[in-house]
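Q: Sequence:
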Amino acid sequence: MNPYEQKLGIKLWAEADRPREKLLLNGRRHLTDAELIAILIGSGSRDETAVDLSKRILASCDNDLDLLGKVSVQDLSKFRGIGEAKAISIVAALELGRRRKEGESKKAVKIAASKDAFDALYPVFADLNHEEFWILMLNRANIIIGKHLISKGGLAGTVADPKVIFKTALEHNSAYVILAHNHPSGNLKPSHEDINLTKRLVEAGKILDLNVLDHLIFANRLYFSFGDEGLI
Numbered sequence: 001m002n003p004y005e006q007k008l009g010i011k012l013w014a015e016a017d018r019p020r021e022k023l024l025l026n027g028r029r030h031l032t033d034a035e036l037i038a039i040l041i042g043s044g045s046r047d048e049t050a051v052d053l054s055k056r057i058l059a060s061c062d063n064d065l066d067l068l069g070k071v072s073v074q075d076l077s078k079f080r081g082i083g084e085a086k087a088i089s090i091v092a093a094l095e096l097g098r099r100r101k102e103g104e105s106k107k108a109v110k111i112a113a114s115k116d117a118f119d120a121l122y123p124v125f126a127d128l129n130h131e132e133f134w135i136l137m138l139n140r141a142n143i144i145i146g147k148h149l150i151s152k153g154g155l156a157g158t159v160a161d162p163k164v165i166f167k168t169a170l171e172h173n174s175a176y177v178i179l180a181h182n183h184p185s186g187n188l189k190p191s192h193e194d195i196n197l198t199k200r201l202v203e204a205g206k207i208l209d210l211n212v213l214d215h216l217i218f219a220n221r222l223y224f225s226f227g228d229e230g231l232i
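Note that full-length UniProt numbering gives residue 114 to position 114 of the sequence shown, counting from 1, and the numbers run on in steps of one.
Just so you know, these hints were derived from the structure itself, not from any lab.
Since we're looking at a predicted model, the values are computed, not measured.
From the three backbone atoms N, C-alpha and C, an ideal C-beta is built for every residue, glycine too.
Any given hint might turn out to be false.
As the list claims (entries may be wrong) - Taking lysine to any residue pairs in the SDA-like style, the calculated list, with each CA pair at most 25 Å apart, reads:
| no. | residue 1 | residue 2 |
| --- | --- | --- |
| 1 | K55 | A93 |
| 2 | K152 | F79 |
| 3 | K101 | I195 |
| 4 | K163 | G186 |
| 5 | K55 | S72 |
| 6 | K147 | E21 |
| 7 | K101 | K78 |
| 8 | K167 | A204 |
| 9 | K101 | E132 |
| 10 | K55 | E84 |
| 11 | K115 | N129 |
| 12 | K152 | R80 |
| 13 | K163 | A93 |
| 14 | K199 | L188 |
| 15 | K101 | L128 |
| 16 | K167 | I195 |
| 17 | K152 | D127 |
| 18 | K115 | A92 |
Unchecked claim - Label pairs and their calculated CB-CB ranges:
| no. | residue 1 | residue 2 | range |
| --- | --- | --- | --- |
| 19 | E95 | K115 | 24 to 30 Å |
| 20 | R80 | L208 | 53 to 59 Å |
| 21 | D64 | K189 | 30 to 36 Å |
| 22 | E203 | D52 | 43 to 49 Å |
| 23 | L24 | A141 | 45 to 51 Å |
| 24 | D47 | I145 | 53 to 59 Å |
| 25 | L24 | P162 | 21 to 27 Å |
| 26 | L24 | K167 | 51 to 57 Å |
Model the full assembly from the supplied sequences, consistent with the hints where possible.
A: Structure, rendered in structure tokens:
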């Protein structure tokens, strides 16, 4: 092999091409996704720079950071040059980004439409590979006063106990509740169990004077609203 065709390690790159130096010199916004991940990785291997390794990892997720956010430590560790410590660094950094996005929605938010509820709950469902059931709790002005995880399941489903749902909502002095769960399969269509559970919860809410306003099903970046479809 021609020695000039061999890839150079980051330490031998021109200073402007090194991710860390490039960040210091030009600011973080001038770095590509691969360069930012390369900083987390720190070093590549004898045959591959950290940036090239990062490009390979991104390519496996179609260069989609949302998809990368769903990758486990075990999956990342399968890449040559990525040990457990480096994989943990990547997963931790992506989780911080997710939490930052979630934190931006902590100001008083009024729910006027299903899209508002979707925006408020999307961060908790964004990177899940299993099913979870959450409730969004509102006061009488339709302002969000809290959200709570009711149950966690596997790929096929999770159990939402009505007693737990209404006990949680009443403890928070909620006036209204919005139900939400995700379908890891990506299928937005509600199952018979989803429809029956929603009907039972709506009726129970009426008795307790704690109205169920909507039930959202999340699938990737899309959602299904029982309210919008006239099912509540």
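Q: Give me the numbers of the hints this structure contradicts, sorted from smallest to largest.
A: 2, 3, 4, 6, 7, 12, 13, 18, 21, 22, 25
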